Amino acid sequence: MSKTKKYDWSDPDNLPTLEAHSITKHEVLQAYLHRYLEVLNIDPRIPSFKIYLIDGFCGGGQYVNELTNKLQSGSPAIILDTVRDAEALINLKRDKEFKIHAKYFFVDTNPHAIRFLKEHLISNGYKDRAQDMTFINGLFAERANDIIRNIEAKSKNSRAIFILDQYGYKDVPLHIIRDIFRKLPNAEIILTIATDWIIDYINDSDKSKFLIKKIGLNQLSKLSIEDTKKQADWRMYIQKHLSDSFKNDSGALFYTPFFIKSNNCNRSYWLVHLSMHEKARNEMMQVHWKLQNHFIHHGGSGLNMLGYNPDDDERVTGQVPMFVFDNVAKDQSLKSLELDLPSWIHKEGGDVTFRNIIKQTFNTSPASDEMYKEVLFKLSKYGELEIKTPKGSNRRVSLQISPNDNIRLKKQTQFYFMKPDKA
17 MSKTKKYDWS
27 DPDNLPTLEA
37 HSITKHEVLQ
47 AYLHRYLEVL
57 NIDPRIPSFK
67 IYLIDGFCGG
77 GQYVNELTNK
87 LQSGSPAIIL
97 DTVRDAEALI
107 NLKRDKEFKI
117 HAKYFFVDTN
127 PHAIRFLKEH
137 LISNGYKDRA
147 QDMTFINGLF
157 AERANDIIRN
167 IEAKSKNSRA
177 IFILDQYGYK
187 DVPLHIIRDI
197 FRKLPNAEII
207 LTIATDWIID
217 YINDSDKSKF
227 LIKKIGLNQL
237 SKLSIEDTKK
247 QADWRMYIQK
257 HLSDSFKNDS
267 GALFYTPFFI
277 KSNNCNRSYW
287 LVHLSMHEKA
297 RNEMMQVHWK
307 LQNHFIHHGG
317 SGLNMLGYNP
327 DDDERVTGQV
337 PMFVFDNVAK
347 DQSLKSLELD
357 LPSWIHKEGG
367 DVTFRNIIKQ
377 TFNTSPASDE
387 MYKEVLFKLS
397 KYGELEIKTP
407 KGSNRRVSLQ
417 ISPNDNIRLK
427 KQTQFYFMKP
437 DKA
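All residue numbers for the sequence shown refer to our numbering, where the first residue is 17 and numbers rise by one.
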């Protein structure tokens, strides 16, 4: 995050401040990476695990916490510590030693940041992993292809997580994200985008349109921004199209945006998780429900959470301006899914697999896989639908619902149809 003068490590006695919303991002990164390593290595027969971790905007690795005024590690040390801690935890459950073989790429355009980071890591207990760390002074956008080629040369199926905590919104064009998923299908990306800055900046000028196309936001480039800004709640309308751009143009099958509100300005960021696998999306969603932190969703609690329709009043649609991951929101999500899922299944012909439900609706809901299963099982108990195993027997335990199970509506089911998204 050393994109601007705000983040500079040229003076070791005057380190940058780490704001509260960035501390929260680090908590999510730590929790997700730990969970990722645990889940992928749950099989005790797996002797080792290889992974590449790329911090594309790594900074100098040490800050002053704005809440405590104490020194706090940045993302590089958090990544290194989480890998070490996950390996130790996995080994507690093993008879034979398990090893994580991780390779780290730390990239930053600020030479002071890279110099400080090297010294900080070596002098704070990471010297033994120096051979696994590559430090790159340069723009991530210019060095991404070399990093991708390096990983791809080892194996196209390599596991990799790209942490791209850019300061603004211009430094990770969508063509780079598409390239990552095309060449490394098992990769995941955690991306920060200053969405409110985009919304405030864009207009119908040639300069603005050139920038939007350069970033790759094709859905936004089709809008008449000046006409859109005349509408009520125009910001949410543009957010919808911004979301569609990432959903359609990133190359990722699963896309989940989380909103972060900065305490120091009246603007929001997005923390976007991108992947090719529904399990990865589910695990990230589980992290947010578990942490119940400062992240929010704009939109509703059931399906179509970002499908904002400016022609509908929120008192009619049931949509709320902000969706917080707390216990109240969880109850609301379960109730919304009870209404939305039967209607959705009916529109799909009344008979679908659980895999297809997840594949086609996961990007539009704040619910986790387990919440879907809980609701479907409840609906089966109400007699609204039936859940059949591939062999034709009734599924009797919610958490045992499998991807190939058939979810079939019963004829007497009554529907409460969702309003179509006109945006």
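Mixed in with the good hints, there may be bad ones.
[Claimed, not checked] Each pair of labels, with its calculated beta carbon distance range:
(1) D144 <-> S240: 35 to 43 Å
(2) K225 <-> T405: 47 to 55 Å
(3) E54 <-> T33: 40 to 48 Å
(4) N372 <-> I138: 44 to 52 Å
(5) T369 <-> K394: 40 to 48 Å
(6) P189 <-> S240: 34 to 42 Å
(7) K245 <-> E43: 33 to 41 Å
(8) N420 <-> S224: 23 to 31 Å
(9) E113 <-> H293: 39 to 47 Å
(10) E43 <-> A169: 48 to 56 Å
[To be verified] Each computed DSS-like pair below joins lysine-lysine, with the alpha-carbon atoms no more than 25 Å apart:
(11) K375 <-> K172
(12) K363 <-> K426
(13) K86 <-> K143
These aren't lab readings, by the way, just hints derived from the structure by calculation. Everything numeric in this text was worked out from a predicted model, so none of it was measured. The beta carbon of each residue, even a glycine, is placed where N, CA and C say it ideally should be.
Tested hints:
no. : hint                      : result
1   : D144 <-> S240: 35 to 43 Å : violated, 57 Å
2   : K225 <-> T405: 47 to 55 Å : holds, 53 Å
3   : E54 <-> T33: 40 to 48 Å   : violated, 32 Å
4   : N372 <-> I138: 44 to 52 Å : holds, 51 Å
5   : T369 <-> K394: 40 to 48 Å : violated, 19 Å
6   : P189 <-> S240: 34 to 42 Å : violated, 23 Å
7   : K245 <-> E43: 33 to 41 Å  : holds, 35 Å
8   : N420 <-> S224: 23 to 31 Å : violated, 48 Å
9   : E113 <-> H293: 39 to 47 Å : violated, 28 Å
10  : E43 <-> A169: 48 to 56 Å  : violated, 34 Å
11  : K375 <-> K172             : holds, 24 Å
12  : K363 <-> K426             : holds, 14 Å
13  : K86 <-> K143              : holds, 24 Å
In summary, the numbered hints that this structure violates are 1, 3, 5, 6, 8, 9 and 10.
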